[in-house]
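Residue numbers for the sequence shown follow my numbering, beginning at 142 and rising by one.
It cannot be assumed that every hint is accurate.
[Claimed, not checked] Here are the simulated DSSO-like pairs of lysine-lysine, each with C-alpha atoms no more than 30 Å apart in a straight line:
1) K177 <-> K259
2) K177 <-> K152
3) K207 <-> K222
4) K265 <-> K177
5) K264 <-> K228
6) K228 <-> K265
7) K222 <-> K264
8) K202 <-> K152
[To be verified] Just the calculated beta-carbon pair ranges, DEER-fashion:
9) E256 <-> K228: 16 to 24 Å
10) R210 <-> E146: 29 to 37 Å
11) E214 <-> K259: 37 to 45 Å
12) E180 <-> G226: 19 to 27 Å
13) E256 <-> M158: 39 to 47 Å
The hints are simulated quantities; they were obtained by calculation from the structure and are not laboratory data. All residues carry an ideal CB built from backbone N, CA and C; glycine is no exception.
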Amino acid sequence: MYISELAIKPKYFEFDMMGIIYHAHYLGWFEAGRTKLIEDLGLNYIHMEQAGYISPVQEMKVEYRKGIRYGDEVLLRTWIKENGGVKTVYSYEVLNGQDELCVQGTSVHYVVRREDFKPVQFKKIFPDWYARFAEASE
């Protein structure tokens, strides 16, 4: 299984009045991790869009365990948990500088035609992507 790692330097505006990362910012971090994972595998999401397809989020789950505080180092780990012929599930872990698991989550994605959002078989439309995802997944 391939795990992509992304070091994140939290910005001051991402913190709430309690001095921890506002919960919604993790969704953006997850997207950054997913993008990096795709790039690490030698792929580029823009090529999917140029071919007339997109891969929207269908479901997002986030479990908050410990707050990230201002000044903390952050490491985001992203990997492919499930690589089906239609559905892809990504997993995420956010760790602080002490290697403590602070947040974990998953996101579910389907490939759809941009013009009408009709789902397509990822395996058939993008066989190269599917093969690389299969090699990298659990």
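Now the hints, each set against the structure:
no., hint, result
1, K177 <-> K259, "26 Å, holds"
2, K177 <-> K152, "19 Å, holds"
3, K207 <-> K222, "23 Å, holds"
4, K265 <-> K177, "23 Å, holds"
5, K264 <-> K228, "9 Å, holds"
6, K228 <-> K265, "12 Å, holds"
7, K222 <-> K264, "16 Å, holds"
8, K202 <-> K152, "23 Å, holds"
9, E256 <-> K228: 16 to 24 Å, "21 Å, holds"
10, R210 <-> E146: 29 to 37 Å, "21 Å, violated"
11, E214 <-> K259: 37 to 45 Å, "43 Å, holds"
12, E180 <-> G226: 19 to 27 Å, "23 Å, holds"
13, E256 <-> M158: 39 to 47 Å, "43 Å, holds"
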